[in-house]
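Chain A is already provided as a structure; the job is to place chain B on it using the hints.
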Amino acid sequence: MLAPFIWTALSVTKPTDVAFANPPVFTGYTPTFEAFVDLWETTYFAEYLVNTIMVAVMSTVVALVIGIPAAYALSRYPGYVSAILLIIALIFRSLPRFSVVLPMYEISKALGIYDTSFALAAALVAINQPFTIWLLRNFFAEIPKELDEAAMIDGCTRLSMLRRVMIPLLRPGILTAGIFVFLLAFQEYLTALVLTDTSSKTVPVFITTQLGQTLPMLQQAGAAAMLLTLPVIAIAFIAQKYLVAGLSDGAVKG
Amino acid sequence: MRRREFALLIGPSLLVMFGLLVVPLIRTIQWSFQKVQYGEPGEFIGLGNFSSALSDPRFGRAVFFTLLITTVVTVMILVLGYLVATGMNRLGRLQPVILGAMLVSYVLPNIVGAVSFSWLFDQNFGGVVSGIVRSLTGAELLWFTETWPNRIMVIANTVWHLLPFSMLMILAALQGVPAELREASKIDGASPWQTHRYVIIPAIRGILGFVCLITIMDVLRTFDNLIPLSPQADAIGNESIMLYIYDVAFRDGSEQLGLGSAINVLAILLILICLFPFIRGLLKEAKVRA
Chain A
0 MLAPFIWTAL SVTKPTDVAF ANPPVFTGYT PTFEAFVDLW ETTYFAEYLV NTIMVAVMST
60 VVALVIGIPA AYALSRYPGY VSAILLIIAL IFRSLPRFSV VLPMYEISKA LGIYDTSFAL
120 AAALVAINQP FTIWLLRNFF AEIPKELDEA AMIDGCTRLS MLRRVMIPLL RPGILTAGIF
180 VFLLAFQEYL TALVLTDTSS KTVPVFITTQ LGQTLPMLQQ AGAAAMLLTL PVIAIAFIAQ
240 KYLVAGLSDG AVKG
Chain B
0 MRRREFALLI GPSLLVMFGL LVVPLIRTIQ WSFQKVQYGE PGEFIGLGNF SSALSDPRFG
60 RAVFFTLLIT TVVTVMILVL GYLVATGMNR LGRLQPVILG AMLVSYVLPN IVGAVSFSWL
120 FDQNFGGVVS GIVRSLTGAE LLWFTETWPN RIMVIANTVW HLLPFSMLMI LAALQGVPAE
180 LREASKIDGA SPWQTHRYVI IPAIRGILGF VCLITIMDVL RTFDNLIPLS PQADAIGNES
240 IMLYIYDVAF RDGSEQLGLG SAINVLAILL ILICLFPFIR GLLKEAKVRA
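Protein chains in written order, with numbering that gives the first Met the number 0: chain A, 0 to 253; chain B, 0 to 289.
Derived by calculation from the structure, the hints in this document are not laboratory data. Keep in mind that a hint or two might mislead.
Here are the computed lysine-lysine pairs in the DSSO-like style, where the Cα-Cα straight-line distance is at most 27 Å [said to hold, decoys possible]: (1) B:K286 x A:K144; (2) B:K34 x A:K108; (3) A:K144 x B:K34.
With the rest of the complex left out, here is chain B:
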């Protein structure tokens, strides 16, 4: 393909991404060094926003909470995704129906799913799940106002929402593993565990890495589901970085755009650190191909 053709074909897409992603991003970086209100030109204040963000204990709490749920959810998604996909792969004729039912939690807007999810726990809505937990354990857990029960609920909801997509990716990968490979390992006397550990998992390693990457990206920007699930997020230490930015920079009465932008920039750095191993892997691969 000639360079001119390449430019012509990719031009519109690049133009849109430049105008609507790069330009706003540059504005955010500018704002992060300014004291600024919506609709007014800002005033340069150097690193002031960064130092006030970093000295705010709320920022540390938000980073801790975000990293905590990212780690827990990613591990759960990989393990559960693999197990469910393996089971699903053996289903046969029922597979389409069950797959369709499972996909509902993924295709629903996250926030709508979270509203429904919150009603399972909400006493005002009868709270079926909290009722079951109470009768099983005798513990009266305050799902919305206590730190750990709330975290468990948020993690459960996030896994519930993200699992179908990961499962689907893994299922697609499993269907691409040649049957001969499985047979060969069986003939060689491998136990089912050994087959999974040494044959199937290495064969789909690429996809597991991709699922891991996508999950990390999605959970790092947790925002939507906390609105219904954790109405007092800040008070109980369950505020995500995105929710913190929203609170500082957009919610009525607190439109500290500069501070919010500084947190945005810090969040970008954090995300880049988390993604670094994946980006390095991709670069290496590109070098090999080129």
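If we strip away everything but chain A, and leave its shape as in the complex, we get:
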């Protein structure tokens, strides 16, 4: 499972003339970090990285702020309305991206917000919202309704009950959903490709523009991939505990 990643790590730390040798060279060269230095000095990588993280953080926060109440409402409101809304959400999750992203491209140009992190983050909030509310609804559905009633008899309003009782109770579930939404935004390529140009480009888009260029640029792309991978590996190791726990708590029983 890690082979592609290890191979990339080897390739980008080789001097350029050795990195592209065929058959591959495994020993007898001095490892170098030139590709990383080049990446930092000759491209706008730092900027792209900031864009990527900013978009992911913004869209995660907004997705949760509007998704949590919606998911709670869907888990508590009885009957057909909720079921139909959830099925519509499911259908929207499966739509071909281009069917919403191409019109967004034109709309964002008309509104003058094309190529901004704001537009990209807003698009991703919407695109990932169906998944967000599905996941969160399943967590809420696990909490017995009597708890709501008890809190409301004790004088809470619906909203303060949500804030004081539900959210603290559901912290692991919200964390799980947050990690997923963050990853979805962080990984997004297609939407970023269409909605950004130069000033809010994200790292995945940058990496593909480096492909098919000169060999040193290819190595820079590899270095960029590595720099993007390392923090994500950290996330994978920290998150796996919450992901398994969160999924077995709620999402799975859907």
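Frame of chain A; chain B shown alone:
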């Protein structure tokens, strides 16, 4: 919960989804009946776009390729996901480490993983895997320019990317199967195979269905990984529907928005057909609850 509370709580989310998903979708449907350029009002041409999409052999090839990889990948994900999750469930203390390592291919952006993956096969990058295949079989496969080797590589990459999530879901489900159930079947004299076939798999059927659904959805819109893995996708018949839309409607010099939108609409119909059994199941369940 009162109706007013429901509306208040769900309002913001619905508003965002309406404005940023439904409105663009309506625009796409409008465009599909128009001859249109970016930034200009379109001209109504009826079903012209649909007939030119359906008569383009490229469309048929893209649909065939997309359905092919969707089927193969979904079957592989279910089988491998179950096997790996079963193994993982017995791991004990090492589990977190191995799980973390496995998750890397899922948390990486698909396209970045695919770039790394392509380098394993790319001769210009030493091509470790293609070298191993050559020394084992003696065959010199052209991974990027020959149809079937390229398909195998794309399928391998898709499974590599999607397996961890499915495995995680199945693992979570397995951990929810009560130990008594397993013991009981053992006492009743069931073989391990029978236990899996008649006890565990039925117990987690819901999740297997969900994993199946998610995988179908994800593979039907394959796009990202084909950019590095199949640079000549159209020429070798390995173009997905999404890549075809991109090529027709967005890539420089070919901004046939109407045609692209018509293909989008056709793709939506195809997706709805594929999802129909699942949607019907959900509706039935809703009826039972209501």
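We went through each hint and held it up to the structure:
| no. | hint | result |
| --- | --- | --- |
| 1 | B:K286 x A:K144 | 20 Å, holds |
| 2 | B:K34 x A:K108 | 20 Å, holds |
| 3 | A:K144 x B:K34 | 53 Å, violated |
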